[in-house]
Amino acid sequence: MKKIYVKMIMVLAGLMITGNIYANDTVQIHGFMSQGYLKSDGNNYLAESKDGSFQFNEMGLNFKMQATDKLQIGMQFFARDMGPIGNDEIVLDWAFADYKFKDYLGLRAGKIKSPIGFYHETRDVDILRTSILLPSAVYDENLRDSANAIHGVGIYGDVTTDFLGNFTYQALVGTQNISTDGGTAKYISQTLFDIQHVGLDSILAYSLQWVDPSSHLRIGGTCFFTEIEADGVTQNKKKWDGISGGLFEVPEGTAMDNRTRNIEEYIGSIEFTWNDLLVAYEYKVLKTTGIFNIYFPEFTITSLAPLDILGYYGLVSYRFLPFFEAGIYYGEFFVDANDRDGSKREVDYLSWQKDFAVSLKFDINDNWIIKLETHYFDGAANLNLELNPGTNAKYWWLYAAKVSYVF
Amino acid sequence: MMTRVSKYRRTRFIAAFFSYLCFYFMIPFAYAGDKISFVANKDVSVNSLTSTDIKNIFIGKKSEWDDGRRIIFAVLKNEDTHVAFLKKYIKKSPDQFKNYWRNMLFSGKGMLPPTFVTDAEVIDFVTKTSGAIGYVVQGSKGDVKVLTISD
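Chains A and B, in that order, give the protein sequences. Counting from 39, one number per residue, gives the positions in the first sequence under this note's numbering. Counting from 56, one number per residue, gives the positions in the second sequence under this note's numbering.
Chain B on its own, in the form it takes in the complex (with noise of 0.2 Å):
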C-alpha cells in the first residue's frame, strides 16, 4: 500500500515537474504572439526590413541605412511590448540585453540607445529624429512610417 502511495506521489511529482518546465519554455513562444509594430522616420528609404536587420539594428552590428544615414534606434521599456520583442528578434532576456548595451558603453564600443517608458514617447521620438526606428504596441498612431517585417 504505502508502496503504491509513494510511485503515485512521484509520477504526480514528475508529472508536474515536467509540466513546470513545459510551461517555462512555452513562455517565449506566448510573448512572441504579442503584436509590434515597427516605425521608423519619414526620411528612412526602406519599406520592409528582415528579422535579421532588427536583430543586427538592435544590436548595434547594422548601423546605417542604404542610403548612408545613421540608424537611431529607440527602446521602448515597457514590459510586455519589451520582452516580447526580445523574445522573437533579439533571443535576449531583457537583463541580458540591457548587459549587453552595458558591455558596449563600458568597454568604449557604443552609447546606450534611447529609452522610452510609452509607446507616445517612441512615436515622438522618432518622428523628430532622423534616421531613427523604434517598436511599439500595433496599432499606435503617429507621423511615423510603419515597416514591414518580410519574413
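Chain A with its partners taken away, still in its complex shape (with noise of 0.2 Å):
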C-alpha cells in the first residue's frame, strides 16, 4: 500500500509540475492535494493538535470518461491524514458507472458518494469551501469512514420547470466496507473494547433538493438509515468500571459486542446566494439505539442506550475581492438532544460542543489556495477519546492553516 501511496504522490507531482493534466469532453484526470496544520489548547483536536500537528492532508486522484451519449464512468482514489485516522492510506473513494436515460432518470451502479446534507460529497476536497474544516455540529469528523460512500445501486434525476425551478433527487441502496482502526471503529470502541470487527448493514439513502427559478435559494433535505455490528474484546478494567458506574467489575479481554440499531439521520438544509455573497443552514438530527452486550461464561450483560444526537449551524461567507473571501460560521452539537444542558452527566460540558469559527481564504490563483482559521469551542462532546485520556477544557481555542492545490 504504501508503494501505492508513493505512486500517488509522484503522479500528483508530475502532472502539478508539468501542467500536463489530460482534460478533453471524452476522457479527463484531474486531481486535489491539501496540507493542513492544526494547533490548540485546552483539548487535542482530530490530530495531537495541543502539540501542533502536520497530520492533517488529504489528497485525491480522479478519473472520469464519457464512454457513450447517456454512460459517464469514473473513480477517484483518496488519501489522508487526520490524526489516528487515515494514515494516508489509499482507498477507492467512489467508483461508478452513470447511465442517464433522461434527464428526470439516471441509474447508477457501485460505489457512489452518499447525499448528505449540501456538502457531504465534496467534503474531502478543501478548495471549494470557504472553511477549512465543515461544521462539526453537522458534519462529523469520526463518522467519516461510515457515511462516506455506498456500495450499491441508485437512482437520480432532475425536474426542471419554468416557474417552480428545479428539483433534484436521489435514492440509493446498499452497503458499506468500514476497518476496525477508522473513525467509527474509534467512535464506538471509546476505548473501551477493541474492535476486532466492525461492519455495517444495508443503506438507504435519499436526498431532494429544490433551487428556485432565479437560482439563489436552494432547499434541501436527506436522510441515511443503517445498523452498524461491532464485536470485540473489553480493553481494560478501570475504563470500563468508570463508564458502567463502577456496577460491574468486567476482566479485560471479556468478550462483548455493540449493535447500534435504527440509525436513523435526518439533515434539513437552506443556501443562499446572491452575487459573492453564501448564507447557509443545516440541522441534522440522528437517532440512534445502542445494544452492548458483555459475555461472562456464566451470563450476559445487556445494555441499552437509545440515543438522539442533535447539530445545527448557521454559516455566512463572502467574497470581498477576487483573491479573497471570508467566513463564520457558529454551530452547536448535542450528544443527547434530551439533555442539552448535561444534568444528567457527572461532567455536564461533555454533552455539548459549541463552536464559533472565523475563516479567511486566499486564491493564489485557479489551482493554489491558503486558507487561515480560528475556533473557539465551548464543551468537549465528541471528542476523540484516545487522543483526550483524563479531563477535558471546557473552553478553548483551536488554529488551522492548509494549502491546497486542484486540477
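No wet-lab data here; the hints were simulated from the structure. All C-beta atoms, glycine included, are put in the ideal place defined by N, C-alpha and C. Careful, some of the hints might be misleading.
Claimed, not checked - For each label pair, taking beta carbons as the anchor points, the in silico distance ranges come out as: (1) B/S106 - A/D107: 24 to 30 Å; (2) B/T173 - A/E302: 51 to 57 Å; (3) B/D98 - A/V65: 21 to 27 Å; (4) A/I408 - B/G194: 38 to 44 Å; (5) A/F139 - B/D98: 20 to 26 Å; (6) B/G194 - A/D107: 30 to 36 Å; (7) B/K97 - A/E302: 49 to 55 Å; (8) B/V172 - A/F310: 30 to 36 Å.
Bring the two chains, given one by one in their own frames, into a single complex with the hints.
Next comes the structure, spelled out in C-alpha cells:
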C-alpha cells in the first residue's frame, strides 16, 4: 500500500510540475492535494493538536470518461491523514457507472458518494469551500468513513420547470465496508474495548433538493438509514468500570459486542447566494439505539442506550476581493438532544460542543489556495477519547492553516 | 460648530456608503447589457432557446437536445463575456460557477466543460463538435448556427 501511496504522490507531483493535465470532453484526469496544520489549547482535536500537528492532509486522483452519449464511468482514489485516522492509506473514494436515460431519470451502480447534507459529497476537496473544517455540528469527522459512500445502486434525476425551479432527487441502496482502525470503530469503542470486527448493515439514503427559478435559493433534505455491528473484547478494567458506574467488574479481554440499531439521520439544509454572498443553515437529527452485550462465562449483561444526537449551524461567507473571501459560522452539537444542559452527566460540558469559527481564504490562482481559521469551542462533546484521555477543557481554541492545490 | 462638522462628515460617509452599495449591486445589470450570442453546431435541431434552457444546459440539468443528441457546451473564459454570461443567465459569479463544476467532478456527477480563451476557439470547437453549443461576443463569425433567445 505504501508503494501505491508513493506512486500516487509521484503522479500528482508530476501533473503539478508539468501542468500536463489530460482533459477533453471524453476523458478527464483531475486531482487535489492539501496539507494543513492544527494547533489547539485545552483539548486535542482530530490529531495531537495541542503540540501542533501536520497530520492533517488529503489528496485525491480522479478519472472520468464519457463512454457513450448516455454513459459516464469514473473513479476517485483518496488518501488522508487526520491524526490516528487514515494514515495516508489509499482507498477507493468512489467508482461508479452512471447511465442517464433522460434528465429526469438516471441509474448509478458501484461505489457512490452518500448524499448527506449539502456538502458531504465534496468534503474531501478543501478548495471548494471557505472554511477549512466543515461545521462539526453536522459533519462529524469521526464518522466520515461510515458515511462516505455506498456500495450499491441508485436512481437520480432532475425535473426542471420555468415557474417552479429545479428539483433534484437521489435514492441509493447498498452497504459500506469500514475498517477496525477507522473513525467509526474508534468512536464506538470509546477506548473501552478492542474492536476485532466492525461492519455496516444495508444502507438506504435519499436526498431531495429544490432550487428556485432565480437560482439564488436552494432548499434540501437528506435521510440516511443503517445499522452497525461491532465485536471485540474489553480493553481494560478501569475504563470499563468508569462507564458502567462501577456496577460490574469486567475482566480485561471479556468478549463484548455493540449493535447500534435503527440509525436514522435526517438533515434539513437551506442555502442562499447573491453575487458573492453565501448564507447557509443546516439542521441534523441522528437517532440511534446502541445495545452493548458483555459475555461472561455464566451470563450476559445487556445495556440499551437510545440516543438522539442533535446538531445545527449557520454560516455566512463573502468574497470581498477576487483573491480573498472570508466566512464565519456558529454551530451547536448535543450528544443527547434530551439532555442539552448535561444535567444527566457527571461533567455537564461533555454533552455539548459549541463552535464559533472565522475563516480566511486566499486564492493565489485558479489552482492554489491558502486558508487560515480560528475556532473557539465551548464544551468537549464528541472528542476522540484516544487523543483526549483524562479531563477535558470546557473552553478552548483551535487554530488551523491549510494549503491546497487542485487541477 | 464641531457638532455641525461631525454631522456633515457623517452624512457624507453615509452617502458614500450607499453610493458604494448602489454601484456594487448595479454591476451585474451593467454587465448584463453586454452583447452575447449563442452559437450551435449546424446539426443542432433547434433554432431558439429560452433563458431557462440556457441556464439548465450550462449547469448540466439539460443534457440532450429534443432529438436525443447529447448536448456538449463550451465555456468562454474571456473575462468580460464570461462574467456577463454568468450574471445574466446562470446567476453565479465566475468563482461559484467554477466550483459548481468542480463539485460535480469530484463527487463523480459530472465532467468539467471544455473551456476556451477566445471566441474563435469556441466557434472552432462548436463547428467541429456534433451537438455543441457555446457563447461568444455578438458579431463573431463562423460556420455555426446562431440561436435566438425567445424570452
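Hints, one by one, checked against the model:
no.	hint	result
1	B/S106 - A/D107: 24 to 30 Å	holds (25 Å)
2	B/T173 - A/E302: 51 to 57 Å	holds (53 Å)
3	B/D98 - A/V65: 21 to 27 Å	holds (23 Å)
4	A/I408 - B/G194: 38 to 44 Å	holds (41 Å)
5	A/F139 - B/D98: 20 to 26 Å	holds (22 Å)
6	B/G194 - A/D107: 30 to 36 Å	holds (32 Å)
7	B/K97 - A/E302: 49 to 55 Å	holds (54 Å)
8	B/V172 - A/F310: 30 to 36 Å	holds (33 Å)
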